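**Student:** Based on the provided sequences and hints, a complete structural model is requested.
Taken in sequence, the protein lines are chains A and B.
So for the first sequence, the UniProt record's numbering puts the first residue at 1; every next one is plus one.
So for the second sequence, the UniProt record's numbering puts the first residue at 1; every next one is plus one.
No wet-lab data here; the hints were simulated from the structure.
Owing to the predicted nature of the structure, the values given are computational and were not obtained by experimental measurement.
Beta carbons are placed, not taken as given, at the ideal position from N, Cα and C, and that holds for glycine.
There could be a bad hint or two in this list.
As the list claims (entries may be wrong) - Partial selection, computed: residues in chain A whose CB lies under 10 Å from chain B:
1. Asn35
2. Asn39
3. Ser43
4. Gly51
5. Glu53
6. Ala127
7. Gly131
8. Leu132
9. Gly149
10. Ala154
11. Ala156
12. Lys186
13. Asn240
14. Ile249
15. Gln256
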Amino acid sequence: MNNRLSIRLAVIMLVIPCSLLVAFTHYPAIQALINSFWNNSSSRRPSRFSGIENYQALMEDDRLAQILINSTIYALGTIPLAIGLSIGMALLVNSRLPGTTLMRLSFFMPTMLPMIAVANIWLFFYAPGIGLASQILEVFGMPSINFLGRTDTALASMMFVAVWKEAGLFMIFYLAALQSVPTNLKDAAKLEGASALRVFWDVVMPLLRPTTIFVAVNALINAFRLVDHVIVMTEGGPNNSSALLLYYIYEVTFRQRDFAYGATLTVLMVGLLGLLAIVQYWVLNRKAHYQ
Amino acid sequence: MTRLKSYATLLGATALTLTGVASVSAADLEFYFPVGVNAPAVETIQALTDEWAAANPQHTVKAVYAGNYEETTTKALTAANAGQPPQVAVLLSIDLFTLIEEDVILPISDIANSEEDKEWISGFYPAFMSDAQFEGKTYAIPFQRSTPVYYYNKDAFREAGLDPEAPPKTWDEMIEVGKALTVKDDNGNVTRWGTRIPTLGLGGAWLFGGLVVSKGDVLTTETGIEARMDTPATLASLEFLLRLAQEEVMAPGGITWGDTPKAFLEGQTASMWTSTGNLAFIEENAEFDWGVGFLPGGDGPGAPIGGGNFYVFQDTTEEEREAALDFIKFMTSPDSAAKWSIATGYVAPRPDTWETPEMKAYAERLPQALVALDQLAYAEREFATFQRAKVTQYLVDAIESVVTGNAEPAEALSKAQEGADKVLGDYQ
Chain A
1 MNNRLSIRLA VIMLVIPCSL LVAFTHYPAI QALINSFWNN SSSRRPSRFS GIENYQALME
61 DDRLAQILIN STIYALGTIP LAIGLSIGMA LLVNSRLPGT TLMRLSFFMP TMLPMIAVAN
121 IWLFFYAPGI GLASQILEVF GMPSINFLGR TDTALASMMF VAVWKEAGLF MIFYLAALQS
181 VPTNLKDAAK LEGASALRVF WDVVMPLLRP TTIFVAVNAL INAFRLVDHV IVMTEGGPNN
241 SSALLLYYIY EVTFRQRDFA YGATLTVLMV GLLGLLAIVQ YWVLNRKAHY Q
Chain B
1 MTRLKSYATL LGATALTLTG VASVSAADLE FYFPVGVNAP AVETIQALTD EWAAANPQHT
61 VKAVYAGNYE ETTTKALTAA NAGQPPQVAV LLSIDLFTLI EEDVILPISD IANSEEDKEW
121 ISGFYPAFMS DAQFEGKTYA IPFQRSTPVY YYNKDAFREA GLDPEAPPKT WDEMIEVGKA
181 LTVKDDNGNV TRWGTRIPTL GLGGAWLFGG LVVSKGDVLT TETGIEARMD TPATLASLEF
241 LLRLAQEEVM APGGITWGDT PKAFLEGQTA SMWTSTGNLA FIEENAEFDW GVGFLPGGDG
301 PGAPIGGGNF YVFQDTTEEE REAALDFIKF MTSPDSAAKW SIATGYVAPR PDTWETPEMK
361 AYAERLPQAL VALDQLAYAE REFATFQRAK VTQYLVDAIE SVVTGNAEPA EALSKAQEGA
421 DKVLGDYQ
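**Tutor:** This is the structure we're talking about:
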């Protein structure tokens, strides 16, 4: 049997994915870079080359500074929390407790809902006075908190929704990983007199590491990619306290119709993500331990 | 499916023309509309659209619900930039300058240019026409227009020993009355606030415009290049919003637009400021006696005018423009406008609508509906400039940063003015 592909066929088969990549990834990225050096022209403002003006505006943009801080807090807060929670849930549903099927289903449920639906549900939970959160506080005699209307709680409220939504998905990955941990390793450790905690920490956790890295990469991507709940719940407010980078790009580009500055922000985001990707590959190559 | 249908219509029309049976030209209209209030708006729009289509079988029209106001504008502009605009759309009146700058809309006065048409255009309330015109041309036709009004719970007024027929008229009265209306539980937590003025987002900026008008100033002018954000009137208005929270009349922090009618219905607040477009929703759901008054003012009554107008897009054929104009005339005709106004609470944009028997019966059943009409005499245009979305954001940021306690009013307003001037400097 001849395993070699003819050159002609190989080229044809490569053209399709390559053209998709060029059309939807490379061309827009390069176009954004070019646009970021021009002003935002319209019928009333002539188009002109503006050099690094947009980048100067970027440096002086107070809103952007606030938003970058928000995005960092959001990523640093949601990723470890979602990972921790999903490991906990995976351990729980992997145990021999009764009702694990029901638990799996209910933990996974938030993942199946579209983000827009999730955001609308939580919008109602957070509604001051009438929402579930207020009613719980009321039971304990505490005043109702205007979660989405306060600058000190809005971002945390968003993060809570994201963790709630994402932990279920990550749980599935951890569950699969847990079930592939060989029982003879655990048995051997137990035979040596290791406590359950010790077994988890020294036997199970190292074997979960590839899953953790995979999940962390996904969580990081999602931290930048998912902004539906911000649009539905707060529109970045109050006072930009819950705005994230991608939301800002959407607002500047499509609501304010400032395509030039939107392109500049996009370049910033692509740059940031590229940097993160490099760091992740480095960590992945060094720390991941695949069998 | 839709495309198939339009081909079929086209084929049908061609066949008709070929056989010489009919000479009317057919048009396929796409009509984008937003919903900004809690009302059965989609059903009503669909019913009116169907009615027009039934009366004009040579045309087809597809009504597309495109989300809230801002989403609808975004969608319409994106579609227009892609060369596939809707022929006709209801969009925010304040998006006029954006639509002109993007060069996507057609002045309606260019298509409606017969004597009869001119008379039709002059038949709308002047207050609603002021922000539909620019540089001597009429670009838009008023449709879902509103002003905010002061809704109050009469039962709560009675409970607090206040006269339920005398809503507060001034800011001071509003605070005084609000104090009496605020109720706390045994733990000292507030269970019912005196009032609720949304302060967040575009809705917050809209109402803020009303506060400013009542202090005898305006935020914006018809030129589209002037933003008056840092004035004594804006400062007084922002300080009033702060005072409401300090005096424990209104919940501290930012207040959302969307939750407000719900909070009023649930008894979380004894009064609220919101659009007349919510009248029907409140009437249907309130389980208590309620009333409506003018917005209490600083130096006198004052309110912003808001809502949406009909726009016709440029990238259309003669036939489509004719059909679109006919469609708009139908939608704003006394009968249609009466149905729309009664279903939602929007202020009917023409005096002749109020003369119809349906509207007279409605005004008798729900006298609250007349308050907004009377208030029109004291109302001014909503904040609008070129690059409205960007410039308004400076105002929104100023209001939000102050009500959430992150900035001082004077400082926030001067920062907003600086930002707005920088953007508008390009147009001077």
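**Student:** Can you give the numbers of the hints that this structure goes against, from lowest to highest?
**Tutor:** 1, 4, 5, 8, 11, 12 and 14
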